[in-house]
Every structure is written in structure tokens, then in C-alpha cells.
Amino acid sequence: MNSSIPFDLQRIRSDFPTLQRQIHNGVPLIYLDSTATAQKPQSVLTAMDEYYRRSNANIHRGVHTLAEEATAAYEGARQSIAQFIGARTAREVIFVRNTTEAINLVAMTWGRTQLQTGDLVILTEMEHHSNLVPWQMLAAERGLRLEFIPVTDDGLLDLAVYQQLLEQGPKLVAFTHMSNVLGTINPAKEMIAAAHQAGALALVDGAQSVPHLPVDVRDLDADFLAFSAHKMVGPTGIGVLYGKEALLNAMPPFMGGGDMIKKVTLRTFAANTLPHKFEAGTPAIAEGIGFGAAVDYLKTVGMQAVEEHEQTIIRYALERFAEISGVTVIGPAAEHKGAVLAFTMQEAHPHDVAQLLDREGIAVRAGHHCAMPLHERFKLPATTRASFYLYNTIEEVDRLAEGVEKVKRMFA
Amino acid sequence: MNSSIPFDLQRIRSDFPTLQRQIHNGVPLIYLDSTATAQKPQSVLTAMDEYYRRSNANIHRGVHTLAEEATAAYEGARQSIAQFIGARTAREVIFVRNTTEAINLVAMTWGRTQLQTGDLVILTEMEHHSNLVPWQMLAAERGLRLEFIPVTDDGLLDLAVYQQLLEQGPKLVAFTHMSNVLGTINPAKEMIAAAHQAGALALVDGAQSVPHLPVDVRDLDADFLAFSAHKMVGPTGIGVLYGKEALLNAMPPFMGGGDMIKKVTLRTFAANTLPHKFEAGTPAIAEGIGFGAAVDYLKTVGMQAVEEHEQTIIRYALERFAEISGVTVIGPAAEHKGAVLAFTMQEAHPHDVAQLLDREGIAVRAGHHCAMPLHERFKLPATTRASFYLYNTIEEVDRLAEGVEKVKRMFA
Amino acid sequence: MDDMYREIIIERYKDPHYRGTLDPHDYTFEDENPLCGDQIRVDVRADEAGMITEAAFSGHGCAISQASADLLIESILGKNVEDVKKMTKQDILDLLGIELGPVRLKCALLSLKVVKAGLYGLGEASDALVDDDEEF
Amino acid sequence: MDDMYREIIIERYKDPHYRGTLDPHDYTFEDENPLCGDQIRVDVRADEAGMITEAAFSGHGCAISQASADLLIESILGKNVEDVKKMTKQDILDLLGIELGPVRLKCALLSLKVVKAGLYGLGEASDALVDDDEEF
Ligand SMILES: Cc1ncc(COP(=O)(O)O)c(C=O)c1O
Ligand SMILES: Cc1ncc(COP(=O)(O)O)c(C=O)c1O
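Residue numbers (the numbering used here), protein chains in the order written: chain C, 38 to 449; chain Z, 38 to 449; chain L, 37 to 172; chain B, 37 to 172.
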């Protein structure tokens with residue numbers, strides 16, 4: 038079954054301690070919830086452990102050995118991540134807590150200073166709450182206009198409407214590169230080019246694309262890109278805001294405090310240079326180091342290989358699910374789709390499906406997946422979502438399909 | 038030497054892997070930089086490792102086993118921390134990245150909605166940049182007045198001036214419970230009572246007090262308390278904003294995104310209840326769990342015991358340093374002071390002192406310690422700072438003093 | 037697979053005994069769990085002594101939410117309003133006879149929350165009605 | 037303890053050869069490292085061919101910053117301005133003869149930054165003057 042898979046899947050699986058776990062008295066775990074958060078390979082855990090056990094120290098201002106080691110490891114991670122996404126310099130890589138903070142940072146600094154009453158921001162109907170609520174908050178504060186690119190019944194963005202919206206002279210287009218529910222991979226490069234043509238900046242929510250596809254900010258020409266380590270085999274508590282250096286330089290600082298300053302008097306401060314200007318207080322040091330190790334792990338596997346593996350999986354899963362009557366998968370056909378399978382069952386509610394699958398060791402998610410408006414669009418209160426990553430197998434898809442069939446029988 | 042120390046110091050030291058380290062070809066590490074960040078006991082590292090290896094999952098919305106385990110561990114940690122600081126309910130414990138973010142959160146939510154042009158905020162001259170810059174930023178935006186409680190030559194707050202400032206009807210008094218340079222322990226309870234008397238709220242920067250002293254928010258009657266896990270044997274990337282429930286309920290949300298909402302449509306959202314309202318996006322899950330383990334560790338040792346041990350150390354250190362001519366320690370006498378020893382040497386610059394001590398395995402910090410205005414107050418460009426924690430010994434104070442004497446001879 | 041879903045839950049979900057609305061009624065309330073879209077309305081009639089004589093629920097959602105509503109209604113018929121106000125989380129868990137994690141607990145407790153908010157005549161239902169300990 | 041502080045550093049710190057100011061001068065610049073308070077001013081005189089004939093530094097700070105200023109001045113005397121503009125981080129490290137971590141590197145490079153900003157006639161000194169690779 039694994040013949041078409043271009044990398045050593047068993048080897049990869051053995052790198053992830055959690056995947057060896059059994060739950061409910063000996064049922065092996067089948068983890069199909071990587072869209073929510075990915076499992077971590079041993080190398081990431083080791084990198085953080087090494088820091089804590091050997092070099093644990095605060096960074097940047099220290100001259101003692103531990104502080105220098107910690108600083109080198111943390112800033113080395115930033116370099117590694119900068120290279121992973123094709124940034125021009127590590128100064129364009131701002132460490133934040135997660136994708137959500139990255140987007141809020143842009144809204145609260147760039148948005149607050151650059152957007153005026155009546156300015157238009159274009160979003161889409163398939164956004165995660167993290168790329169909706171910050172703009173709603175800013176819109177309420179500043180009197181912005183928000184417009185939304187509709188989602189077609191097939192789960193694609195309606196790009197004709199996007200073109201019309203662009204004619205209204207937006208200041209910003211903010212959209213997800215890959216939907217965490219539909220799996221839709223949006224044509225980011227073309228959408229960004231069109232935004233630039235219309236004089237707008239483009240912010241890409243890369244929470245799902247950076248973990249699953251090769252993403253190059255220079256190729257995309259993205260102005261901002263937000264992503265989270267925990268969704269790409271890295272630790273919780275850290276993510277990145279990428280921004281073009283000139284834009285970041287022109288933005289006011291975000292939070293005030295240690296490290297983001299060059300000089301402070303009682304009543305005034307001068308901001309530090311990039312990237313520190315946006316990183317106030319003691320950063321997530323161990324997490325930055327773990328994020329670097331995560332990116333190194335993905336580099337070793339190769340993002341092209343990750344993408345191909347997931348394509349194999351999702352094609353098979355779509356075929357397999359098409360055979361189960363009463364089950365509806367939402368989202369586009371495989372060629373426009375990452376390895377996310379959100380579905381409904383005629384007979385059973387998503388929460389019951391997820392809970393009953395859990396009894397079989399299968400971890401899937403049920404609910405609105407932080408995309409309530411998208412569910413509203415499809416008139417669904419909730420869906421069950423199975424999502425796949427580099428460590429998942431075709432056999433696990435079979436187990437999932439069998440589990441769904443079993444639930445169906447229970448509720449028949 | 039350890040006879041007066043009421044706990045098993047060798048046992049404690051053996052809990053901390055980093056303290057077993059040797060640097061520079063066999064010189065044992067003497068870590069005297071806990072004010073910057075503390076070392077971590079094995080139990081904290083194990084708690085995080087367990088999460089990543091067994092229960093790694095996103096929290097709150099998941100019904101599968103891993104998600105439930107992770108949620109229980111994360112929220113259990115919140116309970117543990119709430120109890121540690123004497124909060125009325127865990128809803129008053131908001132997880133943030135660090136002390137800095139906690140203070141910025143208050144400035145950007147409570148401050149932005151409650152403070153008007155001309156309103157007075159009282160700070161002190163001994164604040165860390167993290168409790169200065171957020172208020173400077175807000176003052177610039179809103180036209181606030183900032184006034185500062187002066188620091189006496191002894192390194193104490195001039196409380197007579199505080200009384201005068203209170204007569205001007207401040208809206209907020211924000212001050213550090215313990216200075217990270219002078220070691221001064223401010224009379225927080227009295228200062229808060231006076232603030233309340235004057236109709237002001239009180240925010241306490243507990244970054245140095247919560248790790249080193251018993252701190253009870255109900256006893257203090259603090260309105261807000263900010264602290265960081267990494268300074269109290271916990272992980273990087275997580276800290277807490279404590280706030281009184283009624284205040285937190287009245288504040289607008291901070292960042293927008295997943296988890297902080299109850300309901301979202303394309304154009305509107307309803308905020309979630311406490312504490313989630315202030316925690317947008319995937320939180321620092323492993324770090325929250327590690328923070329819980331850190332607090333559990335400190336509870337086992339006992340904060341009273343920690344404080345007494347540090348008192349023993351700092352008394353001895355002050356005596357020992359008084360014997361070295363040409364060395365000046367800044368800050369008050371031992372009875373007003375935590376275990377922080379910042380000093381200057383007539384002959385050598387703080388950076389040189391720190392670097393030469395590092396050659397002896399002694400990790401101390403040199404610079405302005407994120408308190409530039411305080412250094413300005415004492416007309417010092419920088420100081421060398423040795424700081425102590427529950428795992429430091431009297432012998433280490435002797436090594437430090439010998440090291441300083443050696444540096445002195447080199448520069449003589 | 038089905039140890040958590042005792043037969044009675046699936047049965048009551050597929051074929052509830054007390055589904056419907058009552059008009060007129062003495063008490064009514066409606067609430068939803070926005071996380072999963074579960075929605076429950078409960079109508080109650082009581083006599084002058086405060087004894088519940090009739091009750092019915094409507095709404096939609098997962099098996100746990102709907103079955104627990106049906107079982108809850110069954111259990112409150114003939115009880116005094118004041119006693120029902122005192123019902124707790126544990127009473128619902130006893131009715132269902134299964135263990136539940138925090139997320140599914142919300143599904144299970146929705147109907148009790150709705151019933152109590154109705155009987156108390158509240159404008160809004162609070163989690164505190166069904167949860168005495170620190171909640172997640 | 038003193039392997040990092042070669043004798044020459046302590047010596048030049050305690051007893052510098054080129055401390056002072058030049059008035060008039062052809063080039064001058066002053067900057068500080070706000071992190072540690074190190075401060076350096078350098079004055080330079082050059083002849084018509086662009087050869088540096090005299091130079092002096094003033095300021096205060098740690099041994100590394102002051103000694104490297106003194107050693108740097110010694111090394112640029114008699115050199116052409118254009119050649120000095122090309123000096124790099126490595127040249128300073130060679131002068132000092134020790135290895136330095138990122139924080140102390142800033143101390144060591146302050147004087148070169150000041151000299152180059154002066155010779156280029158810049159309004160502000162940038163780290164890019166002394167650091168070709170990605171900086172911390
Ligand atoms: C008194 C005080 N306040 C605030 C901070 C900032 O803490 P953090 O860097 O964890 O945000 C520190 C840490 O250096 C401190 O000592
Ligand atoms: C598309 C998308 N955007 C944003 C986010 C938010 O990521 P985080 O919770 O790490 O901030 C997610 C994660 O669920 C996502 O899938």
C-alpha cells in the first residue's frame with residue numbers, strides 16, 4: 038500500500054513518540070487531528086530538553102556561557118526558519134505565540150496606523166476566526182469596511198467576486214492559504230499579485246499551508262505570512278509573523294517592555310531594530326529552539342515529499358469515503374485540496390461520531406473548527422474532521438472508514 | 038555552613054539538571070543569574086515531556102482522549118497556580134507569554150477603555166522597562182500623565198512623595214513588588230491600600246516577588262498581578278496575568294481569534310467567558326502544564342522556606358562584599374531586600390567583571406538589567422548583578438567573592 | 037465502541053419519549069451550545085403546589101444532548117419545582133449512566149441548564165447553574 | 037581566568053596610547069552602545085592623499101571597547117582612508133587576538149563602527165558597517 042509513498046514512512050513514524058501510544062486498553066492511537074495540532078518528533082523534544090538541561094539562560098544581554106549558548110541557539114533557529122520560508126533576512130522573522138498573535142500584531146500596528154474610516158479590507162468566507170475577529174475588532178474601532186470573497190458550493194473561493202472587490206480599492210487582502218475545514222488550497226500567488234495590482238497589501242494566513250506545502254514568501258510575494266510551530270511538528274507557545282523588512286520597519290512597535298527597546302528614560306523610549314522591536318519581554322526561548330528543530334526535521338524530509346504523501350492519502354480517503362452512503366465530505370476535489378477531510382453523516386451528529394471513533398483509538402475533531410461563518414455558509418452546525426500529516430498511513434484511512442461505517446450501523 | 042538552612046539543599050540541587058553542568062573544561066557552573074531566568078527542576082521537564090509524548094493535542098474543543106487529557110492537564114495547572122497565589126477562582130488566572138505581555142494586556146484593554154486625557158498613572162523610578170514602556174506608549178496615545186515615586190539613595194521608595202502623588206487623584210498605581218536590581222521588597226500591601234484609599238487601582242509587577250516570596254493576592258488586595266513562569270523554575274513562553282474577576286469581566290478582549298469567542302459571524306463576534314476571553318489562539322499548552330509543575334515544586338519546598346533561605350544567602354553576601362574595598366553594592370539593607378546583589382567595581386567595568394567571572398564558571402549578568410532609568414538615577418551606566426535562588430549555596434557566595442577579588446587584582 | 041453509548045442513549049436519541057412543545061406552559065426556556073450547535077428548548081407545566089405535571093423538549097443536536105433532555109424530562113415529571121432547581125451535574129450523569137469528558141459534559145448538561153434557567157425565570161442561562169466546581 | 041583578556045587588552049585599557057581629542061580634525065564621530073553604556077568618539081586627521089596622519093579616541097566603557105579603540109587607532113595610522121573603510125569585524129578580532137560572544141563583540145566593534153561612520157560622513161552609525169552576516 039505504501040509503494041507510491043516516496044519516503045520511509047515507518048522510519049518517520051518511529052520518530053514520533055506519541056504515535057507509539059495505545060489508548061483504551063491496547064487500542065493503538067490513530068491520530069487524525071494534525072490540523073488542530075501536529076505530533077512532535079523526538080528531535081524537537083531533544084532540542085528543547087538540551088536547552089533546559091544544559092544552556093538554560095535568558096538571552097541577548099548575557100555575557101556568560103549559558104546566555105551565549107542560548108542566544109546562539111535561539112537566533113540560529115530564527116535563521117533556519119527564515120531560510121525555510123525563503124525570507125530575505127532573519128530580521129523579517131518575528132517570533133510570536135501563534136498565528137493568531139501574528140495576525141493581531143499586524144492589525145494592531147500596521148492596521149491601527151495605516152487604515153482610516155471607510156478603508157476596505159477583503160477577507161474570505163473560509164477564514165479561521167483568527168483571521169476574522171482581529172479585523173472585526175479593528176473595523177469596530179476604526180470604522181473599516183470588511184468584504185468577503187464568497188465560497189462556492191465546491192469549497193473554492195469565487196475569484197470573480199474577488200476581482201470585483203479589488204476594483205473598490207482595498208487597502209489589505211487577508212486570506213488563508215489553505216482552509217482548515219475544506220482543505221482548499223487557494224491560489225495565493227495569483228491572489229497576491231492581483232491585490233498588489235489593486236494597490237493593496239496581502240496578508241497570508243499560512244497556519245495550514247506552511248506545515249503541509251512548500252511555501253516561499255519571495256515567490257508568493259506575500260507582504261505578511263503568519264504561521265504556528267505547533268501545527269508543523271514544533272512546540273506550542275511559538276509562531277512566526279513574517280513581514281517584508283520595509284513594512285516592519287515602518288510599523289510602530291506592538292507591546293512595550295524589555296528587549297524591544299534601544300534606550301529608555303522615565304518618560305520616553307527608542308525602539309530596537311528588527312526583529313527585536315516586536316518581541317517584548319523574555320521570549321519563548323526553548324520554544325524558538327524547538328521550532329528551529331521542527332523546521333530542520335521538515336527540511337530533512339522535504340516539503341515536496343510531505344505534500345506528495347498527503348496528496349496520496351487524501352485521494353485515497355476521498356475515494357474510500359465516496360463509497361459510504363449517507364456521508365458527505367465538504368470541500369473541493371483532491372487537486373485543490375490538502376489532506377483535510379471534513380464530513381457529515383446523515384444519521385449521527387459530529388460529536389457522537391468523534392466520540393465513538395475515539396473508542397476505536399481514532400482521534401478526529403468535531404465542531405466548527407474555529408470557522409463558524411464557513412459552517413454557516415454550508416448550513417452545518419458542525420462537522421467531523423479527519424486530518425492527515427506526513428506520519429499518517431493509507432491503513433489509517435481504512436481504519437477511519439471502517440470506524441465511520443460502524444458508527445453508521447449503530448445509529449441506523 | 039548550611040546549618041541554618043531549613044531545607045535539604047543538596048536534595049534540591051540534585052533536582053536541577055543544569056546545576057550539574059561543568060563549563061570551560063571542568064569548571065563547575067555557579068549559576069547566579071536567576072533574576073534573569075531560573076533553572077528548571079526535572080519534574081517540570083518531565084511534565085512537559087509527558088504531555089508531548091503521550092497526550093499532545095489541542096485543547097478545549099476536542100472530544101478525543103488526547104484532547105481531553107491535554108485539557109485536563111492544562112486547566113489543572115491553572116487551578117494549581119490560582120491556589121498558589123490565593124486567587125478566588127481559576128478564572129482570575131489568565132495565561133500570557135510573560136510578565137511583559139500581562140502588563141501590556143492591562144494597558145491595552147483596561148487602560149485604553151478606562152483612562153482619558155490628563156489621567157494620572159503613578160509608577161516608580163525602579164521599574165523594569167516592562168512596567169514603563171507600556172504606560173509610555175499608552176500615555177503618548179491617550180495623553181496620560183505619568184508620575185514616578187522616587188528612589189532614595191538607600192534604594193527604597195520615597196513613600197512621602199507617594200502620598201503626595203496620591204492626593205492628585207491617580208487612576209492607577211503600577212509598581213514592582215521587588216526590584217530586579219536593588220532587590221528592594223516594596224511594602225505592596227500598604228501601597229495598595231493607599232492606592233485604593235485614593236480611588237486608584239493597583240497593578241503589581243510580581244516578576245521577582247512571586248518566585249521568591251509568599252504572595253497572596255487576597256491578602257495584598259492587588260487588582261492585577263503579573264508574573265512569568267521562567268523566573269520561578271517554570272518554562273519559557275508562559276506567564277500569568279491575575280486580575281480580580283469583576284475587573285476582568287468588565288474589560289474588552291485583548292487579541293481576537295480562536296478560543297476567545299463564544300460565537301462568530303462574518304461581521305460580529307461575542308466574547309467567551311473568563312479566562313478564555315483573553316487567550317486567543319492555541320495557547321502555550323505544554324508550557325502551561327510545565328508552569329503547573331513548577332508551582333507544585335515550589336509548593337513542596339514551601340515559599341516561606343525559599344524566602345528564609347534567600348535571606349540567609351543575601352545577608353552573608355552583603356557581609357562578604359562589605360569586606361572588598363572598591364566594590365559598591367546598590368540597594369537597601371538585607372531586611373528590605375531579596376537575594377539580588379548588584380554592584381560596581383572601581384577598577385573594572387561590569388561587562389569585564391561578568392566575563393571574567395564566567396571564566397571561573399560563575400554566571401552573573403552585566404548591564405542595565407532592563408532598568409535604564411534606575412541606573413540613570415544612580416548615575417551608573419551599568420552594574421554587575423549576582424542573584425540567588427533556592428538552589429544556591431553559601432559556598433557559591435564565597436566563590437563569587439573570591440572571583441571578584443581576582444578581577445580586582447587583574448585590573449589593579 | 038459502544039460502552040459509552042448505552043443502548044438507552046441511542047434509543048432515546050432515535051425515538052424520544054418527550055419531544056414536543058407545550059402551549060400554554062408555566063415555564064419555558066431555550067439555549068444552545070455554540071461550540072457544537074446543540075439546541076434545546078424545554079416547556080414545563082406545574083400545578084398550584086409546584087408539582088410538575090407535564091414537560092416536553094424540542095431542539096436538535098448530538099445523541100448525548102437529546103437523550104439527556106429526554107431522560108431529564110422523564111425524571112422531573114411529578115417532582116416539585118423546588119426540588120428540580122436543586123438537581124446537579126451528578127443527577128444527569130446518573131441518568132445517562134456513562135462517564136463524560138469536559139466537552140461532552142456540556143452537551144449532557146445543556147438540558148438541565150435550560151430547565152433550571154426556565155424554573156428560576158432567568159433571562160440568561162449560566163454555566164454556574166449546573167457546575168459547582170471550577171469549570172474548564 | 038585571563039585567557040580571554042590578553043595582557044595587551046588590560047594594558048591598553050589601563051594605559052591607552054591614543055586617548056585624546058584632535059581639534060581641528062578632518063573626520064569625527066561619536067556613538068554609544070546603549071546596552072552597556074560604552075561610549076567612543078574618534079577624531080581623525082588625513083593628508084591630501086587621504087592618508088591618515090593622526091587619530092585619537094575618547095569616551096569610556098569596558099576594557100574590550102577601550103582597548104580595541106586604542107588598538108584600532110594604532111592600526112589605521114598611516115593607512116589610506118579608503119582602505120580603512122574596508123576594514124571588517126575580523127580585523128578587530130585579529131587585533132584583539134581573542135574570541136568573543138555576540139554581546140562582547142558589540143563592545144569590540146564599537147570603535148570600528150565609529151571610525152567608519154566618521155570616514156563615510158554618515159549621520160548615524162549602523163551595525164551593517166561592521167557586520168556582514170546576519171546579526172543577533
Ligand atoms: C521586575 C521585573 N519586571 C518585569 C520583568 C519582565 O519579565 P519578562 O521578561 O518575563 O516579561 C522582569 C524580568 O526581567 C523583572 O525582573
Ligand atoms: C487556517 C488557520 N488559521 C489560523 C489558525 C490559528 O492558529 P493558532 O491557534 O495556532 O493561532 C488555525 C489553527 O487552527 C488555522 O487552521
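Derived from the structure by calculation, the hints contain no laboratory data. Quantities reported herein were computed from a predicted structural model and do not represent experimental measurements. One thing to keep in mind: the hints can contain errors.
Claimed, not checked - Here are the simulated BS3-like pairs of lysine-lysine, each with C-alpha atoms no more than 30 Å apart in a straight line:
id	chain 1	residue 1	chain 2	residue 2
1	Z	K445	B	K50
2	C	K299	Z	K208
3	Z	K226	Z	K300
4	C	K416	C	K443
Notebook entry, point to check: Okay, which hints does this one fail, numbers in order?
Noted result: 3
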